[in-house]
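K.L.:
Place chain S on chain P using the hints.
There are 2 protein chains.
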Amino acid sequence: DLVVMVSDLFASGEFDGLTVVVTAGPTWEAIDPVRGLTNRSSGKMGYAVATAAMEAGAKVTLISGPTALPDPERVRTLRVESTQEMHDAVHTHIVDADIFIGVAAVADYRPVRAADGKIKKTLEKMTLELERTPDILASVAARKPAPFTVGFAAETENLEQHARQKLEAKKLDLVAANRVGADIGFGTDENSLLLVEPGAVTELPMQPKAKLARALIRHIATRYRAKHTAKVHTLRRP
Amino acid sequence: DLVVMVSDLFASGEFDGLTVVVTAGPTWEAIDPVRGLTNRSSGKMGYAVATAAMEAGAKVTLISGPTALPDPERVRTLRVESTQEMHDAVHTHIVDADIFIGVAAVADYRPVRAADGKIKKTLEKMTLELERTPDILASVAARKPAPFTVGFAAETENLEQHARQKLEAKKLDLVAANRVGADIGFGTDENSLLLVEPGAVTELPMQPKAKLARALIRHIATRYRAKHTAKVHTLRRP
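Chains as they are written, first to last, in our numbering: chain P, 1 to 238; chain S, 239 to 476.
Treat the hints with care, since some could be wrong.
[As the list claims (entries may be wrong)] BS3-like cross-link-like pairs, simulated, lysine-lysine; straight-line CA separation at most 27 Å: (1) P:LYS171 with S:LYS363; (2) S:LYS404 with S:LYS449; (3) P:LYS125 with S:LYS408; (4) P:LYS125 with S:LYS404; (5) S:LYS363 with P:LYS170; (6) P:LYS227 with P:LYS144; (7) P:LYS166 with S:LYS363; (8) P:LYS125 with S:LYS409; (9) S:LYS404 with S:LYS465; (10) S:LYS363 with P:LYS125.
Derived from the structure by calculation, the hints contain no laboratory data.
Excised from the complex, chain P in its bound form (with noise of 0.2 Å):
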């Protein structure tokens, strides 16, 4: 019965069965073969959820943007740099997924042209004509099936607010938010994440990123498995 089905679930790791597609990093926009828009996302968090869904049990694809940092071990990693190249690469693999987490901060905006040659530098002034990047969250959220989608909100202020925002607009079924500054968040050992979901909010405390992706891998597992209660057979080996 149910109870026995799911306490073997436990017993092999919480996501023993499952799998996981994981973004991480920044990614990075060409303006020209030298020069780039990016962010400051490090990577140290996505790779450490990427880590924590393998130690739970599951199979994982991690989706990297440009980092300094190695490979996880045990998970199958992907390196891309744009946005579009990240989206492209999430829906080759996503295909089979049960859980997409996106941690990596894409660029939102990229140059309309990117330069083939080095751009001179002979005007005092310049403008960039930006356009939006694919949306990979929302995007991989509309597939049907959706896998349980999970998104990463990095905000300077009113974090509850924009995170639920984030979540109904790109009907997502979790939003970790995480609050971001010059000094905090990001490129640092450690985070805080607010944890938006329809009708709850979650506070899991300033901790060490490993510790905290595996507080946030239990969350996932709970409520993934009171979404899919209904689907806990297929995930039974013979």
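P.N.:
Just chain S, lined up with the frame of chain P:
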């Protein structure tokens, strides 16, 4: 006499008694607390140059933009973020320096206004107004007295021509040019350099960056001595 003095100088290291300031890495120009403009520099070449100068006997100050590299041993390392901060740190530390080697791939343009809060992505298109950042190399070469000033030029094409333009426009003593593209120059562990000086071009072939940096330092030492033969007396310890 001069012969004895020069051999003394060699015996104790090609840069013995000299003070050298090196810049390295990219700079970061904030668009908002999360996003920014930067470039592909990993900082490896600049750190290798700082280490090679230290090994040659110099007192070295390394002024580095954001990199994932540890501070080189026995080199005073200062971390900065924007081109303006790098400019200011260079002029603070250059006062008593004999040689300046600008390896940093500084951002040439910065947003006219950086936002205090994270910009919300409500618009499909956006224009970013950019202005020139201060020219660190030219401002160092214009000092009275000026140190022996070496610039780097990362170019996608016409290496020698672009390097010579830079040499003359900024009144530098030497420009070390390297070819960059999608897969060469930045982030790699090997590189080659074309050394462009008034009336001379020297090629240092593809080799590991640490070895290349030592060859560059030997070349600079020769040229520095040629320019400052009259000053050799002041380098002798009593």
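K.L.:
It remains to establish, for every hint, whether it holds in the given structure.
P.N.:
Status of each hint after checking the structure:
no. : hint                   : result
1   : P:LYS171 with S:LYS363 : 23 Å, holds
2   : S:LYS404 with S:LYS449 : 25 Å, holds
3   : P:LYS125 with S:LYS408 : 20 Å, holds
4   : P:LYS125 with S:LYS404 : 20 Å, holds
5   : S:LYS363 with P:LYS170 : 20 Å, holds
6   : P:LYS227 with P:LYS144 : 16 Å, holds
7   : P:LYS166 with S:LYS363 : 20 Å, holds
8   : P:LYS125 with S:LYS409 : 23 Å, holds
9   : S:LYS404 with S:LYS465 : 20 Å, holds
10  : S:LYS363 with P:LYS125 : 20 Å, holds
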